[in-house]
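Colleague: Sequence:
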Amino acid sequence: MEFTKGTIKTGQSVVGGFRMDYSVTYDGEDKVSKIDAQVKRLPGEKVVEIYSGYATFNAGTSRYQFQLTSNVTGDERRALFADFENTIAELIK
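Going by our numbering, the first residue of the sequence shown is number 4, and it counts up by one from there.
In short, the hints are calculated from the structure, not lab data.
A virtual CB, placed ideally from N, CA and C, is assigned to each residue, including glycine.
Take the hints with a grain of salt, since some may be wrong.
[As the list claims (entries may be wrong)] Pairs of lysine-lysine residues, derived as DSBU-like cross-links and limited to a Cα-Cα distance of at most 35 Å, are as follows:
# : residue 1 : residue 2
1 : K12       : K34
2 : K96       : K12
3 : K8        : K43
[To be verified] Quick list of simulated restraints, FRET-style, between CB atoms:
#  : residue 1 : residue 2 : range
4  : T72       : Q15       : 17 to 25 Å
5  : N61       : T13       : 14 to 22 Å
6  : F6        : Y54       : 13 to 21 Å
7  : F84       : K12       : 15 to 23 Å
8  : E5        : G77       : 45 to 53 Å
9  : G14       : T64       : 17 to 25 Å
10 : A85       : F6        : 35 to 43 Å
11 : N61       : K8        : 17 to 25 Å
12 : S26       : D78       : 19 to 27 Å
13 : K96       : D39       : 15 to 23 Å
14 : Q15       : G63       : 18 to 26 Å
15 : T72       : V17       : 25 to 33 Å
16 : I53       : E5        : 15 to 23 Å
17 : D78       : E52       : 14 to 22 Å
Assemble the whole structure, with the sequences as input and the hints as a guide.
Modeller: Right, dumping it as structure tokens:
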């Protein structure tokens, strides 16, 4: 196996009733090349956390993609989009 000079860092943010688990990939020059986030609805009183989708950003194309389940409302989607866009802006500045 041959190792690359890339680095992967992880982090989390909580947006409303959701947690976004981030995985940020850096190239060998410490520039962000990819950001992935798994979206989970946080547990209520009687339920466990529920997978609610994912988001991914590719720095090479400057495009991102969201895939969210139908149980995420429009207001929740807007809040999740805003958090992801803010994270992108913060990491690639």
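Colleague: So which hints don't hold here, by number, going up?
Modeller: Violated: hints 6, 15 and 16.
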